[in-house]
Amino acid sequence: MENKILTGHVDLSQFHVDPIDFAPASEEDKAYMVQMRPSSTFFKDGCKRLYKNKVAFVSLIVIILITLSSIVLPLVWPYDYAKQLGNQPGRPVDSSFNNLRPMEYAASERKRIEAGESVFPHIFGTDSAGRDYFIRVVYGTRISLAVGFFASIIVLVIGMTLGSIAGFSGGKVDMFIMRIVDIIYSLPDMLMVILLASVMRETLGPAIDGTVLAKIGSNIISLFVIFALLYWCSMARLIRGQILSLREQEYVLASQATGAGPGWIIKKHLIPNCISVIIISTALQIPSAIFTESFLSFLGLGVNAPMPSLGSLASDALNGVTSYGYRLVIPAIVISLIVLSLNLFGDGLRDAFDPKLNQ
Amino acid sequence: MSTEERPLVEVKHLKEYFPINTGWFKTTPLKAVDDVSFIINRGETLGLVGESGCGKTTVGRTILHLYQPTDGEVIYDGKPIKTKEDLTEFRKKSTMVFQDPYSSLNPRMTVSDIIAEPLDVHKMYTDPKAREQRILELMDHVGLNSEHASRYAHEFSGGQRQRIGIARALAINPEFIVCDEPVSALDVSIQAQVINMFDELQDQLGLTYLFIAHDLLVVRHISDRIAVMYLGKMVELADAEEAYNHPLHPYSKSLISAVPIPDPKIARSSKRIALQGDIPSPLNAPSGCPFRTRCPYATDVCAESMPPFEEVEKGHFVACHRVREING
Numbered sequence: 000m001e002n003k004i005l006t007g008h009v010d011l012s013q014f015h016v017d018p019i020d021f022a023p024a025s026e027e028d029k030a031y032m033v034q035m036r037p038s039s040t041f042f043k044d045g046c047k048r049l050y051k052n053k054v055a056f057v058s059l060i061v062i063i064l065i066t067l068s069s070i071v072l073p074l075v076w077p078y079d080y081a082k083q084l085g086n087q088p089g090r091p092v093d094s095s096f097n098n099l100r101p102m103e104y105a106a107s108e109r110k111r112i113e114a115g116e117s118v119f120p121h122i123f124g125t126d127s128a129g130r131d132y133f134i135r136v137v138y139g140t141r142i143s144l145a146v147g148f149f150a151s152i153i154v155l156v157i158g159m160t161l162g163s164i165a166g167f168s169g170g171k172v173d174m175f176i177m178r179i180v181d182i183i184y185s186l187p188d189m190l191m192v193i194l195l196a197s198v199m200r201e202t203l204g205p206a207i208d209g210t211v212l213a214k215i216g217s218n219i220i221s222l223f224v225i226f227a228l229l230y231w232c233s234m235a236r237l238i239r240g241q242i243l244s245l246r247e248q249e250y251v252l253a254s255q256a257t258g259a260g261p262g263w264i265i266k267k268h269l270i271p272n273c274i275s276v277i278i279i280s281t282a283l284q285i286p287s288a289i290f291t292e293s294f295l296s297f298l299g300l301g302v303n304a305p306m307p308s309l310g311s312l313a314s315d316a317l318n319g320v321t322s323y324g325y326r327l328v329i330p331a332i333v334i335s336l337i338v339l340s341l342n343l344f345g346d347g348l349r350d351a352f353d354p355k356l357n358q
Numbered sequence: 000m001s002t003e004e005r006p007l008v009e010v011k012h013l014k015e016y017f018p019i020n021t022g023w024f025k026t027t028p029l030k031a032v033d034d035v036s037f038i039i040n041r042g043e044t045l046g047l048v049g050e051s052g053c054g055k056t057t058v059g060r061t062i063l064h065l066y067q068p069t070d071g072e073v074i075y076d077g078k079p080i081k082t083k084e085d086l087t088e089f090r091k092k093s094t095m096v097f098q099d100p101y102s103s104l105n106p107r108m109t110v111s112d113i114i115a116e117p118l119d120v121h122k123m124y125t126d127p128k129a130r131e132q133r134i135l136e137l138m139d140h141v142g143l144n145s146e147h148a149s150r151y152a153h154e155f156s157g158g159q160r161q162r163i164g165i166a167r168a169l170a171i172n173p174e175f176i177v178c179d180e181p182v183s184a185l186d187v188s189i190q191a192q193v194i195n196m197f198d199e200l201q202d203q204l205g206l207t208y209l210f211i212a213h214d215l216l217v218v219r220h221i222s223d224r225i226a227v228m229y230l231g232k233m234v235e236l237a238d239a240e241e242a243y244n245h246p247l248h249p250y251s252k253s254l255i256s257a258v259p260i261p262d263p264k265i266a267r268s269s270k271r272i273a274l275q276g277d278i279p280s281p282l283n284a285p286s287g288c289p290f291r292t293r294c295p296y297a298t299d300v301c302a303e304s305m306p307p308f309e310e311v312e313k314g315h316f317v318a319c320h321r322v323r324e325i326n327g
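Those sequence lines, one after another, are chains A and B.
Position one of the first sequence corresponds to residue 0 (numbering that gives the first Met the number 0), numbered consecutively onward.
Position one of the second sequence corresponds to residue 0 (numbering that gives the first Met the number 0), numbered consecutively onward.
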């Protein structure tokens with residue numbers, strides 16, 4: 000039986016063979032078979048993950064809304080942040096504008112409403128000097144966000160430069176920079192901030208008088224100086240660590256083997272590989288800067304009057320906290336909202352872009 | 000001497016010491032490579048074997064001047080590499096293939112940028128079209144699909160990544176390639192493909208390899224000559240078959256007896272020479288012959304002086320005081 004199978008010849012006519020099945024594939028058929036997934040970059044992948052993270056995405060929307068409204072609203076709002084509404088030139092001071100409760104109107108405004116005019120409401124009332132409180136909160140948000148943003152950029156630039164120099168050159172340079180970092184770390188943060196802020200106010204005030212900088216105020220400038228001097232340490236440490244580990248990667252060695260110089264290696268290999276860490280820590284630096292600014296303003300070392308910031312608004316509200324508690328609550332809520340959403344967004348960014356978590 | 004007879008790479012008394020901090024303000028030199036001399040002829044493959052930590056990789060990297068040699072010199076094509084200009088010239092002719100195909104490719108670069116990096120560093124192509132053409136040619140050389148040029152390294156398997164690394168190495172049309180365990184990270188079937196590719200590329204392009212590995216069978220297959228290292232020193236150098244079948248140094252004997260034989264009958268009859276103890280720390284190397292602490296034939300002479308690296312038979316160099324007695 001077995002032999003029969005092995006030796007017997009196969010009758011091909013029994014098979015129904017369609018010659019078309021054996022024809023070479025046409026170009027169309029080939030194209031159909033080649034299913035190429037579109038190449039996805041690291042950045043696109045990260046954005047996709049960020050979009051999927053609902054908390055981070057909502058935080059991003061909140062940040063965008065707050066930022067946009069703090070920029071746009073002062074332009075279209077009928078009241079000004081510094082204008083004392085009861086203080087009209089050529090008339091006696093109308094004290095009925097002071098300390099209005101939310102949505103209340105002053106005596107003169109009520110008369111105008113009765114006369115059929117429409118008066119824009121004071122949504123959050125007015126403060127003790129008769130200034131519209133809503134626009135002051137909006138303006139304070141703008142100042143706080145600007146301080147946070149620029150302070151983190153200063154921190155980023157200084158931290159990145161010193162951190163990458165320390166990490167890449169190593170040896171004595173690294174040791175020198177890192178000991179400075181250690182020294183700054185060991186100083187009590189807040190004490191240094193308060194000391195520097197009060198010294199700077201005395202010395203900077205006269206120096207910038209009459210220049211463009213006077214409008215910004217010596218306090219804000221000293222705030223930036225404080226950030227530049229004290230807060231770059233953690234950024235420098237972070238970037239140094241990144242560069243130290245990236246420097247030992249074999250692709251850096253491969254680049255060296257082809258004869259690439261340090262400039263090429265930093266530009267092509269080191270910075271692109273730690274850019275996500277840099278973005279994330281900058282995003283997390285902003286709320287900490289806002290927080291420090293609010294804290295300093297609260298202590299009276301922040302922005303110059305009449306310019307409001309969220310911290311100084313809260314500080315001013317303390318005087319009448321028993322009767323006008325909402326004046327403390329409103330800026331506090333805005334600070335919390337900004338800091339919370341920036342932190343959540345920063346966390347989301349880290350989850351989406353940190354390669355260590357998703358490899 | 001004509002170019003035919005002159006060795007392509009000549010390494011003379013190469014030393015590479017790394018300073019290691021052993022206390023406050025105190026450093027001890029770690030002798031990773033200690034007085035190694037050999038030549039590599041044009042078009043040949045020199046296999047370099049030895050156990051982990053014996054300095055194989057350091058030899059490869061020091062020859063390419065990725066580490067500045069502590070002492071000794073590398074003579075490439077008759078010219079010693081001394082000045083910066085020599086090194087720039089040398090870099091255009093020599094290159095390296097790395098062990099780990101995962102860390103040797105930058106995850107933020109596309110395959111075409113990775114392959115073209117040496118071209119860009121040396122500014123070899125100013126015309127973007129010619130550069131593109133060269134990239135596709137290189138990808139074709141190593142058996143990669145040209146459609147993959149715009150992809151990132153993490154989208155490939157280990158074998159494909161190693162091919163990308165080889166394409167990068169070939170970009171500048173090198174004469175000399177240091178292959179630092181290029182197949183150790185791959186599985187066996189892929190190893191065979193990559194090794195055969197190395198062979199084919201050598202035939203096509205006339206390349207010269209320094210092939211570093213710890214897999215003796217791989218080295219035997221690809222090498223013309225084999226060098227054995229132990230604790231930063233070269234102990235034996237011979238033709239591949241000679242070194243494999245008639246090793247003279249006791250360390251080489253033990254190393255080669257440890258190669259697994261894929262035939263149980265022969266494997267059962269062959270005796271494995273097991274060494275006693277561990278490899279000593281290179282920070283605290285034994286006096287004289289570095290192998291004497293584990294050598295079954297060690298005598299007082301071995302502790303006194305380092306045996307010279309001498310030609311015992313034609314083309315067969317061994318560093319052992321008692322080589323004639325042991326093999327006599």
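Think of the hints as simulated: they come from the structure by calculation, not from any bench.
Glycine is no exception: its CB is placed at the ideal position from the N, C-alpha and C atoms.
Treat the hints with caution; some may be incorrect.
[What the hints assert, rightly or not] Under the rule of at most 35 angstroms between Cα atoms (straight-line distance), these lysine-lysine pairs were calculated in the DSBU-like manner:
(1) B:270 x A:266
(2) B:128 x B:11
(3) B:25 x A:171
(4) A:266 x B:252
(5) A:266 x B:128
(6) B:81 x A:47
(7) B:252 x B:11
(8) A:266 x A:43
[Said to hold, decoys possible] If we take Cβ atoms under 10 angstroms as the criterion, some of the chain A residues that face chain B in the derived model are:
(9) 116
(10) 117
(11) 261
(12) 263
(13) 268
(14) 271
(15) 274
(16) 278
Now for the hints, and whether the structure bears them out:
1. B:270 x A:266: violated (56 angstroms)
2. B:128 x B:11: Given that 35 angstroms is the threshold and the Cα spacing comes to 43 angstroms, the pair is violated.
3. B:25 x A:171: With Cα atoms ~15 angstroms apart, residue 25 of chain B and residue 171 of chain A stay inside 35 angstroms; holds.
4. A:266 x B:252: With a Cα-Cα distance of about 49 angstroms, the restraint between residue 266 of chain A and residue 252 of chain B is violated, given a limit of 35 angstroms.
5. A:266 x B:128: holds (24 angstroms)
6. B:81 x A:47: violated (52 angstroms)
7. B:252 x B:11: holds (26 angstroms)
8. A:266 x A:43: holds (21 angstroms)
9. 116: violated (63 angstroms)
10. 117: violated (58 angstroms)
11. 261: Violated, because the Cβ-Cβ distance from residue 261 of chain A to chain B comes to roughly 12 angstroms (cut-off 10 angstroms).
12. 263: holds (6 angstroms)
13. 268: holds (6 angstroms)
14. 271: holds (4 angstroms)
15. 274: holds (8 angstroms)
16. 278: Since chain B brings no Cβ nearer than about 14 angstroms to residue 278 of chain A, farther than 10 angstroms, the hint is violated.
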